[in-house]
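*Asks:* If you read the sequences in order, they're chains Z and Y.
Start counting the first sequence at 1396; every next residue gets the next number (this note's numbering).
Start counting the second sequence at 6; every next residue gets the next number (this note's numbering).
Derived from the structure by calculation, the hints contain no laboratory data.
Honestly, I wouldn't trust all of these hints.
[What the hints assert, rightly or not] No farther apart than 25 Å at their CA atoms in a straight line, the calculated lysine-lysine pairs in the PhoX-like style are these:
id, chain 1, residue 1, chain 2, residue 2
1, Y, K140, Y, K173
2, Y, K288, Z, K1626
3, Y, K275, Y, K288
4, Y, K31, Y, K173
5, Y, K19, Z, K1628
6, Y, K246, Y, K275
7, Y, K226, Y, K275
8, Y, K30, Y, K246
9, Y, K20, Z, K1628
10, Y, K288, Y, K246
11, Y, K224, Y, K173
12, Y, K20, Z, K1626
[To be verified] Negatives, chain Y to chain Z, calculated, CB over 12 Å:
id, residue
13, D162
14, T204
15, T261
Every residue, glycine too, gets a C-beta built ideally from N, C-alpha and C.
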Amino acid sequence: MKKELKSYFSTPLAWVLIVVFLLLSQGFAFLFGGLLERQDASLAAFFLYVPWIFMVFSPAVGMRLWSEEHRLGTMELLMTMPISPWQAIAGKFLAAATIVFVSLALTFPAWMTINWLGDPDNGTVFSGYIAAFFVGVTFLAVTGVISALTRSMVVSFIVALFICLGMIMSGWPIVVSAIDGWVPGVGQSLAQLSVLTHYNELTKGIVVSSDIIFFLSVIGFCLYLTAVILKTKRA
Amino acid sequence: MIHVENLSKHFGAKKAVNNVTFDVKKGEVLGFLGPNGAGKSTTMRMVTGYLPPTSGTITVGGADVVEDPIRAKTHIGYLPENAPLYTELTVQGFLNFIGQLRGLSGADLDKAVSRSMDLCHLQGVRHQSVDTLSKGFRHRTCFAQALISDPDVLIMDEPTDGLDPNQKHEVRGLIRRMGEEKAIIFSTHILEEVEAACTRAIVISNGVVVANGTPDDLKQKATGAGTIRFGIAGIPAASAKEALQNLTSVDSLNITLEEENTLRGVATPKPGQSGRASEEIFKYVSGKNGLLQELATVEGRLDDMFREITVTDSAA
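All chains should be modelled from the sequences, with the hints used to inform the complete structure.
*Replies:* Next comes the structure, spelled out in structure tokens:
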């Protein structure tokens, strides 16, 4: 994990990504979300766009996780070290998750601003951050699976981005009602599998364990799938 | 240290490795020979635990590679083909990382990293990033990686590939020296390397072990090994020829030059009678007061042996 973190920061990649994330998230929040014009003290305008930004950001962070190992041939080194594959998978995932964490943490000026201007419900803000973090790392776990499949970073970025898009869209009210109109009931059940549905619940300030469990189980499933893919790729 | 029994690996219908059995003890350097695609790398990858075998068992340092991979892997230092490295790290950073994966930390780690950098002459580039290194340095960095935990078993896939002649020489010397206290397997298709560094060699062709022995044993398998090259002068050629043919230890003659008083050729002795045959030839010539221009036992050549067993095998 340390090596992953180091390699993120030894190249400009992590810094570029974090800066882009900050620009996008704050830009959307202040310009389109009208963070300041809204007459309420909350970060709702910021959290509104977070899933969409992570849809691009997480695949960009995670695309190299395994593709790079495949491409350089270092997979052979890593897999002959006296560690279990789980340690490698968890280490890489945690390193990438740290990038997501740092990015979110660096949005603190927005939080300071609303605290200075008004009197927000900091509990809601906190649960919003938790939700944002979970969306980010869930997308990372998805990207990890894709990146285990291919040695091309570009392919893993694009495919992961589309899957993340699908995971958001399936919870989008317009899409949900469209599918429901077509085959009744299917849209609603798909929405239960959408990241957006669970994200929205959490950002409202209601920390429901079922939403957390949803994110954790998607992440767990993706990490498990990564392990299976890496194993079958060798055999 | 290494025990491999009935090891097979199939990729779909293709049998990459088929029923391979061998042992490597401490103090042995085993050379893996074979044409490209013979199954050398596949076998080594299975021994290191990277590829799961289709069938058969591998134990390294008493631990089964499939059942107890972590314990088996702690014994093994591995240099994969093409020496892969994390290009964004520095040499020292890379070695530190590998050392940590191998469970070293603190002062032990520093000591191990600097020891392996010394062995591979990397001190001069320790702060350089791997992607700025020349091929020779990259190769040595990967080599240093394999030595970092001072493992009992070293497995190296073409360790001298892509090195210049001096570096090759140095690597062979290093292998030979380390072979005194470790069990080493390395693959190569450079035959002089086998003679220079191995105590034993295995030839693999189409996934099957076709020869296993010391480099000297293997040379004996070359056609022409043990035959006697001779040149006789001062005796009428026809009578000399007849006399040689009648020697009890000689099986057949192959005359290359027959002039009035000169006879040259190669005598093939009966099995196991090589020494006796040269003795008899010598006695005959001196008895006739002839002149022996040449009398030599032909030593087999590894590359003849290699070509013969691997070519016939792939033709079959």
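*Asks:* None of the hints should be skipped; say for each whether it holds.
*Replies:* Okay, the hints, checked on the actual structure:
For a cut-off of 25 Å, the pair hint linking K140(Y) to K173(Y) stands: about 13 Å separates their Cα positions. For the given pair, K288(Y) sits about 69 Å from K1626(Z) by alpha-carbon distance, which is inconsistent with the 25 Å threshold. This hinted pair checks out: K275(Y) and K288(Y) have alpha carbons roughly 18 Å apart, not beyond 25 Å. Between K31(Y) and K173(Y) the CA atoms are separated by roughly 23 Å; this keeps the pair inside 25 Å, and the hint holds.
Between K19(Y) and K1628(Z) the alpha-carbon distance is near 17 Å, which keeps this suggested pair within the 25 Å criterion. Straight-line distance between C-alpha atoms of K246(Y) and K275(Y) comes to about 17 Å, which keeps the hinted pair within the 25 Å bound. A threshold of 25 Å between alpha carbons decides the hint, and for K226(Y) with K275(Y) the separation of about 15 Å falls inside it, so the pair holds. A hinted pair counts as satisfied when its Cα atoms are at most 25 Å apart, and K30(Y) with K246(Y) does not qualify at roughly 50 Å.
With a CA separation close to 18 Å, the supplied pair K20(Y) and K1628(Z) stays within the 25 Å bound. Restraint check for K288(Y) and K246(Y): satisfied, since their Cα atoms lie roughly 15 Å apart, inside the 25 Å limit. Distance hint between K224(Y) and K173(Y) is fulfilled; the C-alpha atoms sit about 23 Å from each other, no more than 25 Å. Annotation: proposed proximity of K20(Y) to K1626(Z) holds, straight-line Cα distance about 20 Å (limit 25 Å).
The beta carbon of D162(Y) is not kept farther than 12 Å from every beta carbon of chain Z, the shortest such distance being approximately 9 Å. For T204(Y), the shortest C-beta to C-beta distance to chain Z comes to about 24 Å, beyond the 12 Å cut-off, and the non-interface label holds. The Cβ of T261(Y) sits about 52 Å from the closest Cβ of chain Z, beyond the 12 Å cut-off, so the non-interface label holds.
Taken one by one, the earlier hints fail for this structure at numbers 2, 8, 13, listed in ascending order.
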